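J.: Below are the chains, spelled out letter by letter.
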Amino acid sequence: MEDLQIVELYWNRDEKAIEQSQQKYGNYCYSIAYNILHNSEDAQESLNDTWLAAWDAIPPHHPQILSTFLGKITRRLSLNKWRSMTAEKRGGGNFPLSLDELEECIPDQRSIDDRLETQYLSEAIDRFLAKLKEGERKVFVCRYWYFDSVKDIAERFGFSESKVKMLLKRTRDRLKEYLIKEGLVNENRQTA
Amino acid sequence: MKTDKLLDAIGMIDDSYIKEAHEEKKKERRIFRLSDFRLSWELMGKLATAGICLFLAVGILPNVFHSYDQKSASDGSYNSYGSSYVYKDEEAYASEPMEAMAEDNAFDEYKTDANSLTENLRKDENKKLILTANMQMETKDLDETISSLLEKVNACGAYVQRSSSYTRNSSTRIYEATLRIPADQYGAFIAELKGAGNTLSYNDEIEDITDSYTDIQARINSLKAQEERVLDFYRKAETIEDLMSVESRLSDLRYQIEYYEAQIKNYDLLVAYSTLHITISETTVYTPENPGFFSRLGGSFTDGWHDFIGNIGDFLVDVVYNIWTILLLAGLGYLGYRIYKRIRNRKNAK
Numbered sequence: 001m002e003d004l005q006i007v008e009l010y011w012n013r014d015e016k017a018i019e020q021s022q023q024k025y026g027n028y029c030y031s032i033a034y035n036i037l038h039n040s041e042d043a044q045e046s047l048n049d050t051w052l053a054a055w056d057a058i059p060p061h062h063p064q065i066l067s068t069f070l071g072k073i074t075r076r077l078s079l080n081k082w083r084s085m086t087a088e089k090r091g092g093g094n095f096p097l098s099l100d101e102l103e104e105c106i107p108d109q110r111s112i113d114d115r116l117e118t119q120y121l122s123e124a125i126d127r128f129l130a131k132l133k134e135g136e137r138k139v140f141v142c143r144y145w146y147f148d149s150v151k152d153i154a155e156r157f158g159f160s161e162s163k164v165k166m167l168l169k170r171t172r173d174r175l176k177e178y179l180i181k182e183g184l185v186n187e188n189r190q191t192a
Numbered sequence: 001m002k003t004d005k006l007l008d009a010i011g012m013i014d015d016s017y018i019k020e021a022h023e024e025k026k027k028e029r030r031i032f033r034l035s036d037f038r039l040s041w042e043l044m045g046k047l048a049t050a051g052i053c054l055f056l057a058v059g060i061l062p063n064v065f066h067s068y069d070q071k072s073a074s075d076g077s078y079n080s081y082g083s084s085y086v087y088k089d090e091e092a093y094a095s096e097p098m099e100a101m102a103e104d105n106a107f108d109e110y111k112t113d114a115n116s117l118t119e120n121l122r123k124d125e126n127k128k129l130i131l132t133a134n135m136q137m138e139t140k141d142l143d144e145t146i147s148s149l150l151e152k153v154n155a156c157g158a159y160v161q162r163s164s165s166y167t168r169n170s171s172t173r174i175y176e177a178t179l180r181i182p183a184d185q186y187g188a189f190i191a192e193l194k195g196a197g198n199t200l201s202y203n204d205e206i207e208d209i210t211d212s213y214t215d216i217q218a219r220i221n222s223l224k225a226q227e228e229r230v231l232d233f234y235r236k237a238e239t240i241e242d243l244m245s246v247e248s249r250l251s252d253l254r255y256q257i258e259y260y261e262a263q264i265k266n267y268d269l270l271v272a273y274s275t276l277h278i279t280i281s282e283t284t285v286y287t288p289e290n291p292g293f294f295s296r297l298g299g300s301f302t303d304g305w306h307d308f309i310g311n312i313g314d315f316l317v318d319v320v321y322n323i324w325t326i327l328l329l330a331g332l333g334y335l336g337y338r339i340y341k342r343i344r345n346r347k348n349a350k
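Just so you know, the sequences run in chain order A and B.
Residues in the first sequence are numbered from 1 upward in steps of one, following my numbering.
Residues in the second sequence are numbered from 1 upward in steps of one, following my numbering.
In short, the hints are calculated from the structure, not lab data.
These numbers come from a predicted model, not from an experiment.
Just so it is clear, CB atoms sit at the ideal spot from N, CA and C, and this is done for glycine as well.
Mixed in with the good hints, there may be bad ones.
Unchecked claim - Listed below are the simulated DSSO-like cross-link pairs for lysine-lysine, each with C-alpha atoms no more than 27 angstroms apart in a straight line:
{"no.": "1", "chain 1": "A", "residue 1": "K163", "chain 2": "A", "residue 2": "K176"}
{"no.": "2", "chain 1": "A", "residue 1": "K24", "chain 2": "A", "residue 2": "K81"}
{"no.": "3", "chain 1": "A", "residue 1": "K151", "chain 2": "B", "residue 2": "K26"}
{"no.": "4", "chain 1": "B", "residue 1": "K341", "chain 2": "A", "residue 2": "K169"}
{"no.": "5", "chain 1": "B", "residue 1": "K19", "chain 2": "A", "residue 2": "K165"}
{"no.": "6", "chain 1": "B", "residue 1": "K140", "chain 2": "A", "residue 2": "K131"}
{"no.": "7", "chain 1": "B", "residue 1": "K347", "chain 2": "A", "residue 2": "K169"}
{"no.": "8", "chain 1": "B", "residue 1": "K25", "chain 2": "A", "residue 2": "K24"}
{"no.": "9", "chain 1": "A", "residue 1": "K133", "chain 2": "B", "residue 2": "K19"}
{"no.": "10", "chain 1": "A", "residue 1": "K165", "chain 2": "B", "residue 2": "K265"}
{"no.": "11", "chain 1": "B", "residue 1": "K347", "chain 2": "B", "residue 2": "K26"}
{"no.": "12", "chain 1": "B", "residue 1": "K127", "chain 2": "A", "residue 2": "K165"}
{"no.": "13", "chain 1": "B", "residue 1": "K152", "chain 2": "A", "residue 2": "K151"}
{"no.": "14", "chain 1": "A", "residue 1": "K16", "chain 2": "B", "residue 2": "K341"}
{"no.": "15", "chain 1": "B", "residue 1": "K194", "chain 2": "A", "residue 2": "K163"}
{"no.": "16", "chain 1": "A", "residue 1": "K169", "chain 2": "B", "residue 2": "K19"}
{"no.": "17", "chain 1": "B", "residue 1": "K265", "chain 2": "A", "residue 2": "K176"}
{"no.": "18", "chain 1": "B", "residue 1": "K194", "chain 2": "A", "residue 2": "K165"}
What the hints assert, rightly or not - Facing chain A, a subset of chain B residues (Cβ under 8 angstroms, in silico):
{"no.": "19", "residue": "K5"}
{"no.": "20", "residue": "L7"}
{"no.": "21", "residue": "E20"}
Sequences and hints are given; from them, build the entire structure.
T.: Structure below.
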């Protein structure tokens, strides 16, 4: 079934919408949740929450790209679940590693603590991503949006793992410079 | 957590970037990696087949052709070296009745008959016969046999026209020679040679060149008669033109006479000295005259094994011999692969 038809089902409050979403994007959303939570039961729970959240969000939303809409919900819910499960980084998986790497970009969170600033930061990242080469952008998104492992990314793009690590390191450095230049992060390693 | 905001911000990036990465994730990658291979019977079968083909192509075939060439060079009448040197040559038996072959001394009788026939033919002085023979022997002490052979050669006024020695399959020493034996001594020479080792095969061929010989002699006589007449003209010539014309004709006639006389001399030599192509191989155990089925089976198995080991050895030697070429090609291949990978990565990065 086409995405527009599924969205139409949501708008018509037809429960088949959830069934179709699960059928079409179940694996996609599950992989996002599992990359964050690293536990199949928690991931499945997050997935169920996703369908519920989508049911609540549509209407009034009318997503243009249903996959990313559902993926964003899954990601947000999974992150929230992870945050609630642990105050500190624990366990295995790629997610804690991803967090460690991102700490270099924003060493202090004092100035960015409300929704508006998050929105500004996201728009800045959008602009930054637009300047990246396609391959670099894809690698960055796979790592920090989908939380894929370095190994998976290396296999997918035909790179060695060390090359992926180096590519990500360079991109993070450039992001940090960009955020400093945009005034969102101070040069003395503090957020604006 | 200080990265929470950044995580949330990344979570809110434009859908197009998320979809773009998602599309990349959905692509099927067909990249050669050793880890992609799974050990399966099918793969093992393919690898084994490829290995056997490679072994045949690189290891065995060149040696087979090499052996064939060696044999052909020394003994043009044989088609197969490996089998004929173990068992009696098929051509040698083909011309004899099957009953004779069944007897233990069949070969000796055949040889005696052949020599008797040769001797009988030679009694007719007018017959011009060229005898060419091939003989294969095996001995337990090659050096002693060669020494004995050369003594016999010197004793009967024969000579060695060509000789070579080599080692086959890294273990079997072979001596090959072409001997020229005075025709009247040939029978005695062969009889003496019989005791030097175990004779595996023998065949001879008598070529009757009487007609050609007589024809050439007639031509020579005719040319000489013409020469005499031209000489008469020469003596009677009065003008320079006549002298020059006669000299030219005389020169032409003498050239033709010399050419045919050289042919006659060559024929005389071939008739006077029989040719024997002999191959002597060293062995530890003599091949039985009439091996049974199981004996032949065992012999084939053993010989096959020796050949197999020998071919592997030759193959390894060939590999080591070509090691620099192989390393160079491998290096170039690896370099090409790296360049290809780098170009592909750059393309993906764009």
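J.: Between B/K194 and A/K163, is the straight-line Cα distance small enough, at 27 angstroms or below?
T.: Roughly 78 angstroms between the alpha carbons, so the hint for B/K194 and A/K163 is violated.
J.: With a cut-off of 8 angstroms on the beta carbons, see whether B/L7 makes it to chain A.
T.: Holds, about 6 angstroms.
J.: Holds or violated: A/K165 and B/K265, Cα atoms, limit 27 angstroms.
T.: violated (90 angstroms)
J.: Can you verify the interface hint for B/K5: is its Cβ closer than 8 angstroms to any Cβ in chain A?
T.: This interface hint holds because 4 angstroms falls under the 8 angstroms limit.
J.: Hey, does the B/E20 contact hint survive, CB to chain A under 8 angstroms?
T.: holds (6 angstroms)
J.: Are the Cα positions of A/K151 and B/K26 separated by 27 angstroms at most?
T.: holds (16 angstroms)
J.: Can the restraint linking B/K25 and A/K24 be considered satisfied, given a maximum Cα separation of 27 angstroms?
T.: The given pair, whose Cα atoms are some 16 angstroms apart, holds under the 27 angstroms limit.
J.: A/K24 and A/K81 were given as a pair; does the straight-line alpha-carbon distance stay at or below 27 angstroms?
T.: Distance of about 24 angstroms is within 27 angstroms: holds.
J.: So if I understand the rule, the pair passes when the alpha-carbon distance is 27 angstroms or less; does B/K152 with A/K151 pass?
T.: violated (81 angstroms)
J.: Given the proposed pairing of A/K163 with A/K176, does the C-alpha separation stay at or below 27 angstroms?
T.: Cα-Cα ~20 angstroms, so holds.
J.: Assess, step by step, whether the Cα of B/K347 is no farther than 27 angstroms from the Cα of A/K169, and give holds or violated.
T.: Within the cut-off at roughly 20 angstroms; holds.
J.: Measure nothing beyond the straight line between the CA atoms of B/K347 and B/K26; if it is 27 angstroms or shorter, mark the hint as holding.
T.: holds (18 angstroms)
Violated hints, listed in ascending order, are 6, 10, 12, 13, 14, 15, 17 and 18; each of the other numbered hints is respected by the structure.
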